[in-house]
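Model the full assembly from the supplied sequences, consistent with the hints where possible.
Going line by line, the protein sequences match chains A and B. Numbering of the first sequence is given in our numbering, commencing with residue 253 and proceeding in unit increments. Numbering of the second sequence is given in our numbering, commencing with residue -1 and proceeding in unit increments.
Derived from the structure by calculation, the hints contain no laboratory data. Using N, Cα and C, we set each Cβ at its ideal position, and we do this for glycine too. Please note that the accuracy of each hint is not assured.
Among chain A residues calculated to face chain B with C-beta under 8 Å, some are [to be verified]:
id	residue
1	S301
2	S304
3	F348
4	S349
5	E381
6	F386
7	T389
8	I407
9	D418
10	L470
11	W471
12	F475
13	L488
14	R495
15	E503
Calculated lysine-lysine pairs in the DSBU-like style (CA-CA distance at most 35 Å, straight line) [claimed, not checked]:
id	chain 1	residue 1	chain 2	residue 2
16	A	K371	B	K360
17	B	K35	A	K316
18	A	K410	B	K39
19	B	K371	A	K287
20	B	K211	A	K413
21	A	K372	B	K360
22	B	K370	A	K287
23	A	K278	B	K360
24	B	K201	B	K255
25	B	K360	A	K316
26	B	K211	A	K472
27	B	K195	A	K504
28	A	K504	B	K201
29	B	K370	A	K372
30	B	K134	A	K413
31	B	K371	A	K410
32	A	K372	B	K45
33	A	K413	B	K255
34	A	K438	A	K305
35	A	K390	B	K135
36	A	K413	B	K210
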Amino acid sequence: MQSMIHDGSFEGFLTTVFQVYDLGFKEVDICTAAKYQQNIFGGGYFVTSEPSKADRVWKGLQQKLSEAAMKQFYKTWLSEIDGIENIMLSYVRYVFSSTVSVEKDFSHPAVLVITDTAKKVHREKHRMEAFVRFQLTKDQLYFAIVEPDFNVLPIIQKHFKSRYADQRWMIYDGRRKYGIYYDLDKVAYIQVNFEEDVNSGKDISVQYGEGEILYQQLWKTYFGSINIAARKNMKLHIQHMPRRYWKFLTEK
Amino acid sequence: MIKYSVRMSERITEKLQILADAAKYDVSCSSSGSSRKNENKGLGDSKGMGICHAYTEDGRCVSLLKILLTNHCIYDCAYCVSRKSNDIKRAAFTVQEVVDLTINFYRRNYIEGLFLSSGIFTNADYTMERLVLIAKKLRTEHNFHGYIHLKAIPGASDEILNQAALYADRLSVNVEMPTEKSLQLLAPDKKREDMIKPMMYLKNAIIQNREKKKQFAKTPLFAPAGQSTQMVIGATPETDAEILLMANHFYKKMQLKRVYYSGYVPISSDNRLPAIGTPVPMVRENRLYQADWLLRFYGFSVQEIVTPAQPHLDMDIDPKLGWALRNLQLFPIDINKADLSVIMRVPGIGLQSARKIYASRKFNKLNWEHLKKLGIMFNRARYFITCDSPDFERKDFTALQIKHQILGTGQSKYKPNFSPQLQLF
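Set out below in structure tokens:
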């Protein structure tokens, strides 16, 4: 078993796939430098990201896969699940080894894992599109903090950009410590240094702009008023709105 | 920026409480199916997929700011909280208040848009004009491209409906009751034809607009998410067969996008209605929605789901299983050979699993292991299918035996609050 260690970027992973083919490795275990634990029986192979190599793998896959399957492949990557790289490699091998399109062969274990994982990530993307709650600051910035299960900021930015085209906004991932920021022109990835009085972005009330508290209260009022007590069904409520998301929901 | 005084804040809060509370019995909260894009760096879009931004404690999706413009009403419909004779607090929003709430909720990502309905004041056109005014203001003054659902007031004129459809994504006229007889009993001021006429007008106008759009790409949007309706069930003695036939009629003849079934929540001591405290018929409502899905997506006809001999849906099993048990002679089917339309009819196999089965079997003959991983409900489906495993259910079970075995293994999610079906009259 050959350990392959990459830098944690998608490019790093694709470069690793290239190397596996280039060096003819049969059995490999791919992981990030952060997760790698020195194996006493064999040295790890450290891969340096190379855009040209990553690109060749990506283009090769594009020849074999539909656009939808390419998206699924990328979404699977964003799951950051332990060991997902190995399943993705097994998927790549199956795709390259076949002359016909295999992306719908759900009887193959890797295809099924990719499909299911992509679906999970997609669900989280959709949840974030729903559960982001912007708070208006004095500087007229609409700020939201989230802690998604998967690394979905890269795939939600398009949705927010086209929707909130006329307001400055920022969505910050409190778990992965980075955010996406829209400046009325384009979206950029950013690191944020928070002042001490906002608890790493978790409570920015000292920065609230005019009307923010009123609208939060109105939203809570609304949320309370539309409930039909005679139909109470907490199980269904929690199934749709799992508790782990409540932390940053204005109405909870 | 508007400055809010404490008094103004309190007043708007109270109005919101009253007018959201009064609007909550309208069940539709759909925000999908439109095609409105953000243009000229405006605010919002509604490009198809709906989003539920929150869920109430009763488990319903909160997608839109659903409010009444006012709960003052000249009508006295027995089943409605806003009926004239009901002694409740009344309130009315101003046009600007509704616009401000919508925009500010939308900017914070609380909602997908606005669902505006109203009690009827003065007359139908006068009321409808106010609703249209709000939608127009949002679209033209605020460059708002979020979702707008307007209630079409029964009896409103064609001209005003036409205006409404130019600004709204969806329009809906509620038929309120499944049959004309029930409507007469509970809402003597309302006429069925006043509801059907606007529906008819919108149906034809939507078709015309679609034709025009094919020729001229610049043709303005006209209710791009179509129209829907709602009927209250369990307040009157209709059978499920009557309800489903009516729904089917609306889908086929009026091209409605959705028919909503609203289980009656007792809110009145009127002796024409179930008493306060009668449980909401939630199981029945759920079974009706399941049947509705079978009609729209699974290729079933009403006659297959309910029959003259059995005009009510089974409460303990879903309508697809019910159909399969009545038609055991059609089973088992071979999962590796049957048509997609046949696979879709197997209890325990949904649309998605059916499609996955259909796609995967080109690569491999599927066996139980494959099928379980594809996500079918094995405990249901196994009585109705064979696959590439030798150990399928060979025994000739009767329908009743299968039903008992399935009910024995699966736990109905409604068991704890299972209420006996409401008996009326």
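Each hint, compared with the structure:
With 8 Å as the threshold, the beta carbon of A/S301 stays out of range of chain B, its nearest partner Cβ sitting at about 34 Å, so the hint is violated. Given hint, A/S304 at the interface with chain B, is violated; its Cβ is 34 Å from that chain's nearest Cβ, farther than 8 Å. For the restraint placing A/F348 at the interface with chain B, the shortest Cβ-Cβ distance is roughly 16 Å, beyond the 8 Å limit, so the hint is violated. The restraint placing A/S349 at the interface with chain B is violated, with a minimum CB-CB distance near 13 Å, outside the 8 Å limit.
With a least beta-carbon distance of about 6 Å to chain B, the hint placing A/E381 at the interface is held under the 8 Å criterion. Annotation: interface hint on A/F386 holds; nearest CB of chain B at approximately 5 Å, less than 8 Å. Interface hint at A/T389: violated, since its Cβ lies 12 Å from the closest Cβ of chain B, which is beyond the 8 Å cut-off. Interface restraint check for A/I407: the shortest CB-CB distance to chain B comes to about 14 Å, outside 8 Å, so the restraint is violated.
Hint on A/D418 holds. Least Cβ distance to chain B is approximately 5 Å, under the 8 Å limit. Annotation: interface hint on A/L470 holds; nearest CB of chain B at approximately 6 Å, less than 8 Å. Using the Cβ-Cβ criterion of 8 Å, the hint placing A/W471 at the interface with chain B is satisfied: the shortest such distance is roughly 5 Å. At a threshold of 8 Å, the smallest CB-CB gap from A/F475 to chain B is about 6 Å, leaving the interface hint in force.
With its C-beta approaching chain B no nearer than about 3 Å, A/L488 sits inside the 8 Å limit, and its interface hint holds. The criterion of a C-beta within 8 Å of any C-beta in chain B is not met by A/R495, whose closest approach is roughly 12 Å, and the hint is violated. Contact between A/E503 and chain B, as hinted, is supported at the beta carbon level, the nearest pair being about 6 Å apart and thus within 8 Å. This hinted pair checks out: A/K371 and B/K360 have alpha carbons roughly 22 Å apart, not beyond 35 Å.
This hinted pair checks out: B/K35 and A/K316 have alpha carbons roughly 32 Å apart, not beyond 35 Å. Taking the CA atoms of A/K410 and B/K39, the gap is near 14 Å; set against the 35 Å cutoff, the hint holds. The hinted pair formed by B/K371 and A/K287 meets the criterion: a straight-line CA distance of about 29 Å does not exceed 35 Å. The hinted pair formed by B/K211 and A/K413 meets the criterion: a straight-line CA distance of about 28 Å does not exceed 35 Å.
Proximity of A/K372 to B/K360 is assessed by CA-CA distance (about 26 Å); at most 35 Å being required, the pair is judged to hold. Between B/K370 and A/K287 the CA atoms are separated by roughly 33 Å; this keeps the pair inside 35 Å, and the hint holds. For the proposed pair A/K278 and B/K360, the alpha carbon gap of about 28 Å is at most 35 Å, so the pair holds. At most 35 Å may separate the alpha-carbon atoms for a hinted pair to count; B/K201 and B/K255 meet this at roughly 11 Å.
Proposed proximity of B/K360 and A/K316 is supported: the alpha carbons are some 18 Å apart, at most 35 Å. A distance of roughly 42 Å separates the Cα atoms of B/K211 and A/K472; the hinted pair therefore is violated under the 35 Å criterion. With a CA separation close to 43 Å, the supplied pair B/K195 and A/K504 exceeds the 35 Å bound. As the CA atoms of A/K504 and B/K201 are separated by approximately 41 Å, the hinted pair breaks the 35 Å bound.
Proposed proximity of B/K370 and A/K372 is supported: the alpha carbons are some 18 Å apart, at most 35 Å. The hinted pair formed by B/K134 and A/K413 meets the criterion: a straight-line CA distance of about 24 Å does not exceed 35 Å. Between B/K371 and A/K410 the CA atoms are separated by roughly 33 Å; this keeps the pair inside 35 Å, and the hint holds. At roughly 22 Å between alpha-carbon atoms, A/K372 and B/K45 fall within 35 Å of each other, so this suggested pair holds.
For the given pair, A/K413 sits about 29 Å from B/K255 by alpha-carbon distance, which is consistent with the 35 Å threshold. A threshold of 35 Å between alpha carbons decides the hint, and for A/K438 with A/K305 the separation of about 29 Å falls inside it, so the pair holds. Distance check on the hinted pair: A/K390 and B/K135 sit about 27 Å apart at the alpha-carbon level, within 35 Å; holds. At roughly 31 Å between alpha-carbon atoms, A/K413 and B/K210 fall within 35 Å of each other, so this suggested pair holds.
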